[in-house]
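**Student:** Each chain is listed here by its residues.
2 protein chains.
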Amino acid sequence: MGAESYTGRINRKLNKKLRIVEIAAGREKADLVLKNATYVNVFSNELCHGDIAVAEGLIVGMGEYSGETEYDMSGKLVLPGFIDAHIHLESAMVSPGEFARAVLPHGTTTVVTDPHEIANVMGADGVEYMLQATEDLPVDVRFMLPSCVPATPMDESGAALDYRTIDSFYDHPRVQGLAEMMNYPGVIGADPMVIEKIVAAQAHHKKIDGHAPGLVGNDLNAYIAAGVYSDHECSDPADAIAKLERGQFIMIREGTAARNLRALLPLLTEKYADRCMFCCDDKHPSDLLEKGHIDYNVREAIRLGVDPILAVKVACHHAARYFLLNNRGAIAPGYLADFVVIDSFQDFNILQVFKKGVEMFDGTAVRDFPAPEIDPYLARKARDTFHVSRLTAQDFAERRPRGIIGMVPGEIVTEDQGYSDHIDPEWDILKIAVVERHRNTRHIGIGYLQGYGLKRGAVATSVSHDSHNIIVVGANEADMAAAANRVAENRGGIVVMEDGWIRGELALPVAGLMSDGTLESVNRDLESARAAAFALGVSRDIDPFMTLSFMSLPVIPTLRLTTRGVIDVAKQQYV
Amino acid sequence: MGAESYTGRINRKLNKKLRIVEIAAGREKADLVLKNATYVNVFSNELCHGDIAVAEGLIVGMGEYSGETEYDMSGKLVLPGFIDAHIHLESAMVSPGEFARAVLPHGTTTVVTDPHEIANVMGADGVEYMLQATEDLPVDVRFMLPSCVPATPMDESGAALDYRTIDSFYDHPRVQGLAEMMNYPGVIGADPMVIEKIVAAQAHHKKIDGHAPGLVGNDLNAYIAAGVYSDHECSDPADAIAKLERGQFIMIREGTAARNLRALLPLLTEKYADRCMFCCDDKHPSDLLEKGHIDYNVREAIRLGVDPILAVKVACHHAARYFLLNNRGAIAPGYLADFVVIDSFQDFNILQVFKKGVEMFDGTAVRDFPAPEIDPYLARKARDTFHVSRLTAQDFAERRPRGIIGMVPGEIVTEDQGYSDHIDPEWDILKIAVVERHRNTRHIGIGYLQGYGLKRGAVATSVSHDSHNIIVVGANEADMAAAANRVAENRGGIVVMEDGWIRGELALPVAGLMSDGTLESVNRDLESARAAAFALGVSRDIDPFMTLSFMSLPVIPTLRLTTRGVIDVAKQQYV
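Line order of the protein sequences matches chains A and B.
Under numbering that gives the first Met the number 0, the first residue of the first sequence carries the number 0, and numbering increases by one thereafter.
Under numbering that gives the first Met the number 0, the first residue of the second sequence carries the number 0, and numbering increases by one thereafter.
Note that these hints are calculated values from the structure, not bench results.
Keep in mind that this is a model prediction, so the values were computed, not measured.
A couple of the hints might just be wrong.
A pair holds if it fits inside one copy or across any two, identical chains being indistinguishable in the list.
Here are the simulated EDC-like pairs of lysine to aspartate or glutamate, each with C-alpha atoms no more than 16 Å apart in a straight line [as the list claims (entries may be wrong)]:
1) Lys270 / Asp306
2) Lys15 / Asp190
3) Lys380 / Asp71
4) Lys355 / Asp374
5) Lys28 / Asp218
6) Lys270 / Asp361
7) Lys205 / Asp166
8) Lys15 / Asp124
9) Lys12 / Asp190
10) Lys270 / Asp420
11) Lys290 / Asp170
12) Lys380 / Glu67
13) Lys380 / Asp567
Please model the entire structure based on the sequences and the hints provided.
**Tutor:** In structure tokens form, the structure reads like this:
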């Protein structure tokens, strides 16, 4: 559609609305009717019965209706479509379209994404890329603008975003606010560069998400008074309740790296659940394929004894209220016709999924939909984010003593394990390097890693939070150089190298973060690379790539590695 | 403040926010601290204890704080300020500033007004007048734009508002949406002129209030699917629950003309209360003085057994959520420092009221505040709304038979009592006339009235829903002319006339609806006019002016009188 005057817009909407009223009043046939439905009424917290009529993608009424298309819902349950309140889509390692294809069978019809990863690579262009890559998808993708790029000035990322750089995005109809304000010390410390981002989001009447694990007392007051409305970092009920009592909304996170659902079950009662919602934060391919998405949270919550209707509300209604997505999260007139049809609360098998009144999943397959068009300039730019000269073993041949980062199985925190000046696979001392890859600065930070277990070869990845430089760990410098070079050659991804042979790899050519392939093919490549890494000796207690990807995030204790060397996070000093 | 750039605005807000953070974190003294407060926490539904710190008009934290000004709250209860979700301010018959002075001692800190009455007189200028007359008052006055001016095309009001006329008001920061859509037959019947008003409000992302007593089934679906989000016309729980279940919010009305609180008490339980709020719709001076405002509803609800914390939430939090007034209705960091201090839930005496951190009521008096400035052009225009030639007895000397409107004590519905061709006070047959007064059309509708009881003289009022022409009822035509003339001379108001003598009067020179005086003086004049009317024989079962003011509203059965004659409302025909 070209330019449209205000009058033209009102007239267009008027004609749709007149049709909706005619159909709701029963004077015309609906586009779609779910006949004899038993559905969750989020307003009365009970199951209701009747036909659900749909027109123009909206629910127009419940009662007795007939439609052009009708489905008999006898014996089934109809729920509103699920909402993921906080995700970084890039973590699925596939395009947003492919992500949509993967989550539709799980009942997800809306996600709120923070394009934090791609923004660290491409800056504002990364945000724009994701907006274009999600336009008109059958899963509605809403955005929170990255608030902390780079995560810390200690790091070298591909971009830095101040409030002015992101400001124009607030006018985009799918932008809901400012994403997780991870720099809570900056907020509490009244750093103007941090606070002005919040002030600008408020000036646009937008939401501001939080990220402040364990914050309490007057510091928590300061963080909330500054204008942070939610938190998804709670891992125990006391932390969550302190935040709820001060007015924050709580996103109960159950993702690949962090899983808080079970610990936060006490929130899922009448007293607190109204201001709770579900999110996954990060969700890796195997997890999406094997466990599912928000449906997994609902199923688990019900299995663990949560009232099913309440669990469903947490999965849809509450996130819609928080984000002011006023037309979704309920089955009522005027709401989006986003439905999840299941067999029963106990079995919770998803039989059908509708998005805006269109059946997108029929129990077997996802209906085809066109891929969003991306501006050619942006598409090219997203595939050209590696600016790094060819590396040799010499580039990693450091002989001075460097700090040893000690991995802790099942955690992303690390320990300080002293110093080393050489690789010693016998004692599980490997070399680790972070290669700056955005601007070809030739900055290479070098350190040692203990607990990874590699005996031969090297492993490299361009998924390395949050700056997404190339992390490479190796038992020898030649394989480290070869692995890092191969990652750059692939324009991103994961490589497992042994004696110059590629033993496994996954190419992630979009910003070094996302594949062009299907979720299944990405998962296949990932699994085979994982097997290769284990074959080279990587400890089976550790996810060879995900754990590695956190080794350069200099905001999590104790030691981390950046392009400038090993950092003591607590002291914010190089060791 | 003059024009301000976006950067200037962000910087100004940033500096306030930095100060808020410093104070919240405890590094600087607060502007105000309510020490040792026991306060209602609307998020955990319990009483909490601590100091409440305020800076820049906002709550910045609860815990331990010290402030420039401190009040000891030991033994008292602190509640969020109350919100009236739907009122026509004009019905208080005083200026908005005077209204604010009257309701502050009752704990009201926000009202949402529909300037429907003045809009029927002055059109868009009436809306603008009220916006200016409420600027920076210590009660925050928010607006819903009149949706039904005139109430019906059968009537002659001072203005007609289509969607384009009101559209620019949506940009005003205190306009929350489109007011009660009384023309529900127009919505259900898909009248484009009606639906386009809803569509335009939605295009501005605004709320749309409803007014649809007893609507059910698919018609109710159609009304809600069209985009109407609330209702304040429910007089029984079944009606309210049908609407709640379909997603509408319910405003529980307790005003002067209509009182639904007691009937709707079953809604005030955990199951439904979340989407319920309080409103008064119309509140007359004596009622405000004697009973109070939203505090009356809370007090009554508690007395009738409603959980006190739930009653308080209905009085503040839920309306704030509905209207997206996100910074009020709770005691939590970032929320407006609007407080009501009471002694206890049982006694519910209001001891202090704070608005944006300023003590506005100290238990005895209201702190003085400046009257808003009104554009001189508008101020003049508001006092020049009577355009009607001098009337004589001859103007009312109709001899043809006319319909008799039968009054029903305690109701505003009327009965069809046949015809008459002359006044007969013996048989309680009075003459009633509606004199068009906006455009000097000399249209005078004449009929007869039974049940009013007047024996001598005449009573006239320019408060006559919704077109606010002059209604005059009399035992003789000479007094009818004199009373109507006197109303016009006063530029509006109420007059009780006997043999050419003014027995009682209240001047309402602002649009013929509002006085320049205090609420107390208006009430005094009104009470003395009422006494005069009773002295002339008006039945004591009837409010002499309020009941009269509904006799020309041609949307309520059975018979009504307009400037064109007596109407059968059901048939929408002149009798």
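**Student:** Compare the structure with each hint and give your call.
**Tutor:** The hints, checked one at a time:
1. Proximity of Lys270 and Asp306 under a CA criterion of 16 Å is satisfied in both settings, with 13 Å inside one chain copy and 14 Å between copies.
2. Taking identical chains as interchangeable, the C-alpha atoms of Lys15 and Asp190 lie at most 16 Å apart only when they sit on different chains, with a minimum of 13 Å there against 48 Å within one chain.
3. When the C-alpha separation of Lys380 and Asp71 is checked against a cutoff of 16 Å, the pair qualifies neither within a copy, at 48 Å, nor between copies, at 62 Å.
4. Taking the closest pair of Cα atoms, Lys355 and Asp374 never come within 16 Å of each other, the shortest separation being 26 Å inside a single copy and 48 Å across copies.
5. For the homomeric pair Lys28 and Asp218, the shortest alpha-carbon distance between copies (15 Å) is at most 16 Å, but the shortest distance inside one copy (57 Å) is not.
6. Taking the shortest Cα distances, Lys270 and Asp361 never come within 16 Å of each other, neither inside one copy (37 Å) nor across copies (34 Å).
7. For the identical chains of this complex, Lys205 and Asp166 are intra-copy neighbours only, at 11 Å inside a copy versus 23 Å across copies, given an alpha-carbon limit of 16 Å.
8. Within a single copy, Lys15 and Asp124 get their C-alpha atoms no closer than 35 Å, and across copies no closer than 32 Å, so neither meets the 16 Å cut-off.
9. In the homo-oligomer, the alpha carbons of Lys12 and Asp190 lie at most 16 Å apart only across protomers (14 Å), although the nearest pairing inside one protomer, at 45 Å, exceeds that limit.
10. Taking identical chains as interchangeable, the C-alpha atoms of Lys270 and Asp420 are never at most 16 Å apart, the minima being 57 Å within one chain and 67 Å between chains.
11. Proximity of Lys290 to Asp170 under the C-alpha cut-off of 16 Å is found in neither arrangement, the shortest distances being 36 Å within a copy and 47 Å between copies.
12. In this assembly of identical chains, Lys380 and Glu67 lie within 16 Å of each other by CA distance neither inside one copy nor across copies; the values are 45 Å within and 56 Å between.
13. For the identical chains of this complex, Lys380 and Asp567 are neighbours neither inside a copy (35 Å) nor across copies (72 Å), given an alpha-carbon limit of 16 Å.
The structure is inconsistent with the numbered hints 3, 4, 6, 8, 10, 11, 12 and 13, although it conforms to all the rest.
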